[in-house]
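Residues in the sequence shown are numbered consecutively from 1, following full-length UniProt numbering.
Errors might be hidden in some of the hints.
[What the hints assert, rightly or not] Below, computed lysine to aspartate or glutamate pairings styled on EDC-like, alpha-carbon distance capped at 20 Å:
hint: 1; residue 1: K281; residue 2: E201
hint: 2; residue 1: K281; residue 2: E200
hint: 3; residue 1: K264; residue 2: D192
hint: 4; residue 1: K264; residue 2: D279
Hints listed in this document are in silico derivations from the structure and should not be mistaken for laboratory results.
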Amino acid sequence: MSGRQLPAHIAAALAGNTTDSAGRPWAGRDLSGPENPLHAFDDDDGSADPGLVAALAGLLQPGTGSGTAERAVVEALTTARVFIPIVALLSEQAEGASGLHADKEAEMALVTLTSPDGRKALPVFSTTEALARWHGEARPVAAYASRAALAAAAEDAQLMVLDPGADLTFVVRRPAVWALAQQVPWTPSYEDPAVAFLVEEAAGRQEEVLTVGLRPAGGVLTRTADGSIASGGGPGPELRMDLQLRPGLSPDGVRDAVASFRGKLLDLTDFVDRVDSLDIKLTR
Numbered sequence: 001m002s003g004r005q006l007p008a009h010i011a012a013a014l015a016g017n018t019t020d021s022a023g024r025p026w027a028g029r030d031l032s033g034p035e036n037p038l039h040a041f042d043d044d045d046g047s048a049d050p051g052l053v054a055a056l057a058g059l060l061q062p063g064t065g066s067g068t069a070e071r072a073v074v075e076a077l078t079t080a081r082v083f084i085p086i087v088a089l090l091s092e093q094a095e096g097a098s099g100l101h102a103d104k105e106a107e108m109a110l111v112t113l114t115s116p117d118g119r120k121a122l123p124v125f126s127t128t129e130a131l132a133r134w135h136g137e138a139r140p141v142a143a144y145a146s147r148a149a150l151a152a153a154a155e156d157a158q159l160m161v162l163d164p165g166a167d168l169t170f171v172v173r174r175p176a177v178w179a180l181a182q183q184v185p186w187t188p189s190y191e192d193p194a195v196a197f198l199v200e201e202a203a204g205r206q207e208e209v210l211t212v213g214l215r216p217a218g219g220v221l222t223r224t225a226d227g228s229i230a231s232g233g234g235p236g237p238e239l240r241m242d243l244q245l246r247p248g249l250s251p252d253g254v255r256d257a258v259a260s261f262r263g264k265l266l267d268l269t270d271f272v273d274r275v276d277s278l279d280i281k282l283t284r
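All chains should be modelled from the sequences, with the hints used to inform the complete structure.
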């Protein structure tokens, strides 16, 4: 849980302030209609976005590739409304001029999670019902998923977790979170031609490397609450790299070659921006 200051668009929605972020007073203005960002969800009944529901269902369709399924969910999130959980934190006010302590006051804070690898993650929910089941005291703040991605960036969260604790939980990885925040298209790293090109170039600069193959890693898959396999949204390694090295290397030579190749890739900013997690396997 984080006590950092809320992003401006969420703080404005909660504070009941008298002016907008540009200092223009609310008084005398018509706050109805879709043009007002604070009232974009006036008629929202808290149910899930139909496009997002359909994309998530696609994860469970037999024969659907991970790239197709994951890309469909992220594409649905570009226009979907989600709910961000916030909670009240009690804090003591400072001692007043009279020497008496004031009552406790409540501050609102985003709820964040810690992933198994130690990174911070922002939970978001497709429905108010899912949020209430997960945290009965959290208050839902409706926001477009792109705004939620911006909130994640403001909280230094590299991941978003859609519907934690639900029948199907979907992890939105760092490159997809950044794409949502910037409102640009996203391609999974294991299907990204730019990633393949960077890997091929790096392999060409290392004589020990013969071939490199890219495909989804096992961590892309996840399981629903009933044990069914979903073809995307998993929390584990994302990109698998099948690496074939020149025969005859000693064990130390193999270790050094793999470390050197990994280092070459991690020195490439574009590779790091496009790849969330990497699993290297040696092949014959």
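Hints, one by one, checked against the model:
A hinted pair counts as satisfied when its Cα atoms are at most 20 Å apart, and K281 with E201 qualifies at roughly 19 Å. For the proposed pair K281 and E200, the alpha carbon gap of about 16 Å is at most 20 Å, so the pair holds. In summary, the hint linking K264 to D192 is supported, as the alpha carbons are separated by about 18 Å, within the 20 Å threshold. Pair hint K264 plus D279 holds up; C-alpha atoms about 15 Å apart against a cutoff of 20 Å.
The structure agrees with every numbered hint stated previously.
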